[in-house]
Structure formats: C-alpha cells, structure tokens
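S.K.: Take a look at the letters that make up each chain.
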Amino acid sequence: MRKTISISSILILSALLIACSQGASPEPTATVRAQEDAPSTGEAVPPVLPNLLVQAEGNVWLRRAGWADFLPAGFGVAVGPGDLLRVAEGGAAAVFCGDESMWKEGPASLAADGMEHGVPCQAGRPPRPWADVAALRGEEDHLVPYVLRPRNTALLNARPSLSWHSLPDVDTYTLTLLGDDGQERAPVQATGGELNWPEDWPPLEARATYVLVVEGDGRRSDENSAGHAGLGFWLLPAEEAEAVQALEARLRAQPLSPTAADLLVAELYLDHGLRAEAAQLLAALAADDGTPAVWLALGQVYLETGLAAEAQTSFEQALKGAQAAGELESEAAAQVGLGLAARLLNDPEAAGEHLQAARAFYEQIGHQDGLDQVDQLLAE
Amino acid sequence: MITDLKASVEIYLAETHQLRAQAYKALAQPTDARREWQDSLGYALAVAESERCAADVSRIPPDCLDAIRWVAEARELLAE
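The listed protein sequences derive, respectively, from chains A and B. For any residue, its number in our numbering is found by taking its place in the first sequence, counting from 1, and adding 352. For any residue, its number in our numbering is found by taking its place in the second sequence, counting from 1, and adding 1.
No lab work stands behind these hints: they were computed from the structure. Positions of the beta carbon are idealized from the N, C-alpha and C atoms, including for glycine. Incorrect hints may have been included.
[Stated by the list, open to error] Only some residues are given here: those of chain A computed to face chain B with a beta carbon under 10 Å:
id, residue
1, Arg416
2, Gly418
3, Phe422
4, Asp435
5, Met454
6, His469
7, Gly470
8, Gln474
9, Gly718
Take the sequences, apply the hints, and build the full model.
M.R.: Structure below.
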C-alpha cells in the first residue's frame, strides 16, 4: 500500500515538473524584479504597459515611421514615439501612456483638428512577441475535453473557475486536480464546460503547481502524447500579486472607460504571466464590442496556451473587424496569428498561405518590422 | 537619465529623416521625400511635445528648439 502511494506521488511530482517546464516559472517577472532592484533614488523602471489608444471615435488615423501613408486605427492599438496620429473633426482619441510615471496625468486626449500629432508618451512596453508555437503543446483533437482554463498560467485567484472544451453528446465530466501541495481534493462531477472552484476543494497554495484533468465519456484531457506538458498553473508569489493588485487599483481609478480599464488590466496581467485571468477579461471585452486589437490580444493569449482552435476563431474575428475598418496593420497581424494557429494545428500549407498574405499586407503598408518578422517565421 | 537618452535618439532620428528627405528631393523622388518628411515629423513631434520641452520650462533645451523648428519645416513641406 505504502509502495503504491509513493509510486503515485513520484508520478504526480514528475507530471507537475513537466507541466511547469513549458510555461513561465513562478518567478517574479522582469518588471517586478526591476522595481525591486531599482534603488530608492527614483531611477526609471521599464514601462509596465504598452502605450494604448484607449479612445478612438470617428475617423482616427495612424502612421508609423516608414509607412507609405496614414491608415485607420481603432481602440486598443499600441502606439509609440515617432508615430503620427490624426483625428478628424468630430472624432475623439486618447492615448494612455504605459510608463507608470505618466499615469498621474491620465489619458492624453488628442485634438480633433485633422492635423498630425505625435504620441504624447515615452516608449511604452514593447509588444509581446508571437508565441514560439514549435515549443508549445497544441490541442488538435476536438474529441478530447481539453482544458481551456487554467492552463500554462500564473493566477491571482486561489479559487479560479475551471473551463474545458465540452464534447458533443457528453453531459457529465469528472474533474481531477493534480497538485504538489499535499492537499486532498476528491474528483468532482460537472456538467457543461465550466465550473466554479468546488466548495469542498481547499484553495490553491503558493509555491505549488497544479494540473487539471478532465475526463468525459472515457476521453481524458491529458491523453495527448505531450502528457501534462504545458498544462501547469500556479499562484503568483504573494509579493508580486500585491504589486499587480496595487497597479490594477491605480488603473481602475483612472478616468477611463470600463472597456479601456479592462484592456489595460488585461495587458498588466499578461505582463505577469496571468494568462487565464487576462483571457477571461479579453474574452468578455471581445464578446461585448470586440475591436480588432482586442481579438488579436485574445488570439495571442490562446496561442500562448496552445489553444489553436480558439486562437484561430479569435484571429478570424480580428481579420473580419480589421477588413471592415480598413485597419491594414491589424489585418496583417491577424494573418500572422492565423498562420501560427495553423502551424499549431499541423497544417503547414495553410500556415504558409496566411504568412504570405501577412507579408503582402506589410509590404503594402511599408512596415519593415512586420516584414522582417514574417520573413523570419517563413524561414523557420 | 533614460528619458534624456530616448529624447536624444528621437532628435537624432528626426534629423536623419530630414536629411534623407532633402536627399530624395535633390534626386527628384518626391514620394520618398514625402515619406521621409513624415518620419521626421513623427520623431520631431515626439521630442517637441515631450514633458522636457514643455513651454513652462524656464530654459528650453537646444534639442527642443531644433525639434520645434523641424516640426514647422516638415508641416510646411508636407502641406505643399
């Protein structure tokens, strides 16, 4: 009996080690480390957020350095020094600077006078790079109740809601939590595709790693050949969680629309590897009034967590919105996202087509960084 | 410190694009010249509208004066 327990303990610990190996480790992020390391002399720390267009009503155009001309820009687009913004009369646009030292001034409104204006911020946090899909666990089998949330993520909430891909004709699922915190959590039965944290399960603990396993009609979420790799989740260390919550409170106190505040908070979460909570915020924003930038951000989170089909749907929505609004840069980014999602779904032909389409858009815009990025992806 | 460094990069970029615009103009390539003027305007505005160049600063740094002049120049040429 004792031998059986110790063998199963070793198996669980090994699975959790593998689960952690693909995601970010529960270490403080660069920003927090920089804040911790910064001397008390007030030395500058890297920006927490990108500079974002938090209001874009009417005709708002953007031109980045090197572009052939101005192009329409919508809510949520990232901007930086050197970019030019033009707001037509009757429109309204505002930029929120990612550098924390500028937050006291709130979002900066741009004059709606049809003239070119600079971005009133220092460089914000650079855009998050595209996920390296070759290193990710991708969910390809639609007949498996794979975990949607939480997976490959840090968490603020010790009692997160649980979500999985529900299968046709399967009503009941069994949820098991693997963890190395020594707590007993009996498997629970659930219907549908979502469940609040079971009341009789103890909350998640710091410094422990967990994997959720869902079983339905004999199919298990971890039956993929990758085992538990890329499925781990963990609580953010207390000190880092406090820093994130303090920044979130400051953002929520800004004179911003609720949509803009949610988008900025989602970006803050992503800076700390809080992918599940960021995805929840972004999914709600996308369902409500999804601009291409919101769908792109959501697609990118899904991609980072290996949810290829969900990423594909988000990028398709981004593409549709970008086409309707004439946002060529977002259209190009959506094509890159679709290409990477296709790679994750093991469809190299479709991936190549999407990446070539993105390349053509970047060429048309005159966006050299985008071209370089796509060429690098095509060469991989 | 970092702010000053970034501003100096932007003023350098504004000037570089301005010189490139003049070169394209001399080569009778108006489309390329226009693109360079727009690039110069973007970087010059980033400096001219920055906090360190605010009008209430008692001693405006020389970079700010250059940036303000280049903004006006770029606007004038782009309006032609």
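S.K.: State for each hint whether it applies.
M.R.: Hints, one by one, checked against the model:
1. Arg416: Holds: closest Cβ of chain B sits about 8 Å from Arg416 of chain A, inside 10 Å.
2. Gly418: Where the cut-off is 10 Å and the nearest Cβ of chain B is about 7 Å from Gly418 of chain A, the hint holds.
3. Phe422: Hint on Phe422 of chain A: holds, closest Cβ of chain B at ~9 Å, below 10 Å.
4. Asp435: Given a least distance of 6 Å, the restraint on Asp435 of chain A holds.
5. Met454: holds (8 Å)
6. His469: At 7 Å from the nearest chain B Cβ, His469 of chain A passes the 10 Å test, so the hint holds.
7. Gly470: holds (3 Å)
8. Gln474: holds (6 Å)
9. Gly718: holds (7 Å)
Checked against the numbered hints listed earlier, the structure breaks none of them; every hint is satisfied.
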